[in-house]
Amino acid sequence: MRLLEFLENPRLRGGIHTDGHKLLTSGKPIETGLPIPKKLYIPVQQHVGKPAEPVVLVGDNVLKGQLLAHSQGTISAPVHAPSSGTIADVVDYPAPHPSALPIRTIVIETDGLDQWQESVVVQEPYKLDPEEICLRVGAAGVVGMGGAVFPSSVKLSLGRKNNIHTLIINAGECEPYLTCDDRLMQERARDVVGGIRLMLRGMGAEKAIIGIEDNKPEAFQAMQKACFSIANITIQQVPTRYPMGWDRQMLRYLTGWEIPADGRATDIGVVIHNVGTAYAVYRAVCQSQPLISRIVTVSGGAVGKQMNVEVLIGTLMSEVLNFCHVDKSKIARLVMGGAMMGDALPFAEVPVVKATSAILALTQEDIEVPDVKPCIRCSSCITACPAGLLPLEMASRIRANKLDAAVDLGLKDCISCGCCSFVCPSNIPLVQYFKYASGELFKRQQIQHKSEQTKRLAEDRQNRMERIRLENEAEARRVMEARAARAREAELANAQATQIKPENAAAEEAV
Amino acid sequence: MYILFAIIILTTLGLVLGLSLGVAGKYLKVESDPLIEKIEALMPGSQCGQCGFPGCKPAAEALVAGTAPVTLCPPGGTSLVEQLAKLLSIEVDLSQSKDAELMVARVSEATCTGCTRCFKVCPTDAIVGAPKQIHAVVADACIACEKCVTVCPTECLQMHPVEVTLRDWRWPKPLAAAA
Amino acid sequence: MNSKPVSGPHVLTVRRVDAIMFKVVVALLPAVGFGIVLFGLPAFYLTVTTVAAALLVEAVCLNLKGVRVMPYLSDGSAVLTGLLVAMTLPPWAPWWIGVLGSVIAIILGKQVYGGLGQNLFNPAMLARVALLVTFPIEMTSWVDVSPLFTGISLADSFGITFGQSYSLDGITGATTLGAVKTGFSQNQTLSVLLSDYSGFLAFIGWERGSLGETSSLLILLGGIWLIRQGIIQWTMPLSVLASIALLSTLFFAIDSQHYLSPWVHLNSGALMLVAFFIATDYVTSPNTPLGQIIFGTGCGTLIFIIRTWGGYPEGTGFAILLMNAVTPLIDHYIKPRIYGRYRDGKPIEIQNP
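As you go down the protein sequences, you meet chains A, B and C in turn. Position in the first sequence (from 1) plus 1031 gives the number in my numbering. Position in the second sequence (from 1) plus 4 gives the number in my numbering. Position in the third sequence (from 1) plus 951 gives the number in my numbering.
Calculated from the structure, these hints are not laboratory results. What you were told as hints is all true, and nothing was included just to trick you.
DEER-style ranges, computed between Cβ atoms:
(1) B:V132 / C:P1022: 53 to 63 angstroms
(2) C:K1016 / A:H1048: 35 to 45 angstroms
(3) C:I1301 / A:V1400: 41 to 51 angstroms
(4) C:E1300 / B:K90: 24 to 34 angstroms
(5) A:Q1146 / B:T120: 56 to 66 angstroms
(6) C:F1135 / B:I7: 43 to 53 angstroms
(7) B:V132 / A:Q1476: 19 to 29 angstroms
C-beta atoms are modelled at their ideal positions from N, C-alpha and C, and glycine is treated no differently.
Looking at chain A on its own, in the form it has when it is part of the complex (with noise of 0.2 angstroms):
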């Protein structure tokens, strides 16, 4: 019996071994040594939920660290200056996003002098109120680092509304390249501790899981050591194995529990952090500095120096690249974030934004973009797919535009991380069709909700005309009425007219 809950509920599931590449950086130092750029490119969106509303004005001179645009409603996130310097401009500016469509980017021409705006530090952090712990890390602007960039400070308050029991830090980092999370652990394990202590507190949760895939030994155990006086933060390895930083896959390897697929970690009692955001939360907790920079792995074939670098938030990709003695002949695909889930962008001149985990200048010898043969139906994708889902018989649907057949199969249950595509020996980009097949349902649902509109603005016309049509007629009617009463009325004036007149007449012939 055993056995069987073991092949129903396996607590690793799918899941691909990637050729990490990690070894480029993970032995390096963070650099923090990157010269201040010239001009620093802002986006006001760099989370999920509202654009943030800008309170500069062009010519403005601003401080580091100081608020430039503040959250919009309840799912947003505020941003601040990284340097201090000059509001240059509010102009649209090609996002870091594989179509590079613009968006709303404040530039601040920066005066080299990087001076911090005044700030209280408090006294003792770990002592605070949770609200004021959550308000703080919302008014620092700080979001999910892992690359989902949820505002954090909303699901620390959503923690705490929902009885929250278990804080998972998400530290797998699987990405093939990635390694600024291993860095951050290894060189910054007290102050990510800190976060994590300031996460439970926020949240009122008892107890912490740090979750470390076991290819980062030095992390596990520099980690191990920061938290050794903590009861309630317990470090677990995890194996090597993508994805296994998905977040719901990383709950099952450490409790065994699963989320239900129309909830939220919320649901059962449980919050997973990136360990990125934790280090976040501690710089804006404990020092009050706002998310203005983050660590970010350079690598690559293309890259000359591969390393993690400290980079500012806003600063241009391309400026980094040279940083790290990029040769730009020999890049053949710009990715930002990690191999497998990044996205390729068409080109270096966009910033860096709390999303960038990396950026990676990969040859060609590194991507390989071989012809995409027919499929073979060889289940290599189901048997690598982490949900459990049909990724070869999705893709067939979605060929032939049967999109609905798709979503029975499980399309909304897909999570994009790619297993599919990397095993596919036939090289059908698999997930290029999920995620195409999510916008066109998306875009399938707007037209079918302006038909709606549609149909009430026509109905609303056809209505309003008739009433028109109506009211008319009434009026036409009332008009005719009018006009015949008053026919009428002369007719009988007339009529009398012509009685008295022959009256006269006689009265005449009498006279």
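Chain A is fixed; fit chains B and C onto it per the hints.
This is chains B and C only, laid out in the frame that chain A set:
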């Protein structure tokens, strides 16, 4: 003798069944085809006439009669085609169908005379304005029926493709293998 | 740089379709080589003719379809199909049997469905069954073991495959399964029928049979290598072999004079080849492990039923085709459980741990 029995039995059977079919056909007749109403409910209902029929109801009737293809309605897009095909149990090859590029009408301020003709024909009241004043199109309500374009005396109303923004950018469909 | 947006993943595995096909062919080669050694040059000619015909027919079909021939021809699927067809033929069959087999396999078995990955039935098994019911004499003339360079002259061996000059009378006999089937119809018992049967020789393949099917040992080794290479899963061959072994053990225990022993079953006919190389065909077998177990068990059971009670001595071809036909049904009902959902697709209920 057996043959006679067989003939009698079969004839009676045929008569009884035929009679019952006739009775059923007369008394259980469905007054109006519910399918037409269902289809009409799916359609945009703006009576825009892009399908070549005077309105959505005639189009639905034609669909049920089988005289019009399920791909007749441009504003409905692929999603409508898929739903119609399902409802009418027709197999459609959707792999080649492609939604037309989304268009929206726009008024050029320089040439608009404020003649009000356009907003009188707009089926969704998407054009606002007053006599002798420059009109404007509410992009959200415009269904790109192009009725306004045909009545505009100064050609100031033109169709433009809807601009893609970061918010509604979508992944393109991958190219299939050549086989 | 690329202007068209490309989606992740930006790194891929090195596993390719052609590499998979190549490995399967490599795994088959020892058994084919053994068949050639066992039955002499005619077997070699037949193999070469069949594979060449398969390649040619594939090329013609691709050309007719109007696609570039080379990229598809080089994926190795046609070579594999041709090789599998050849392996299931009697070793001294005339050349046109091989060519016809390839034509049936490639055209009727694969290309009419739309090419690689689209076919419902296993092409090689379709060819085998079609040939078996169309040319029963040619398809059941099992030549005696006559190792390479021992029996016949070079010219004669050429004649056997390409001419009509050589009479097979007197040097052919029945396979074990065939002999048993005929013997049973004459009310003989197994102890008489299998008096000179050697379980060991059957295992290494020193017996009459199809070109590449006789050696259970070499096919087993090739199959295990494929499993270790991650090309095929162990579930499928194991379920085929286990189900047939279980059934034959059961009936053998009931009546050892009228039912073959599991050892004879496992080492006769095309069973090993089918279990490791035909049932595991990606295209025509179910996608999920559970579905594969059902498919394999179904194959094993059908093979046992046809061998024991059917009209043909060997039932692997029919069994595979029948189970191929059921595959879409199995795939429709057997699906993996989606994360966060029950098997029926409903989201799991919240249970506070």
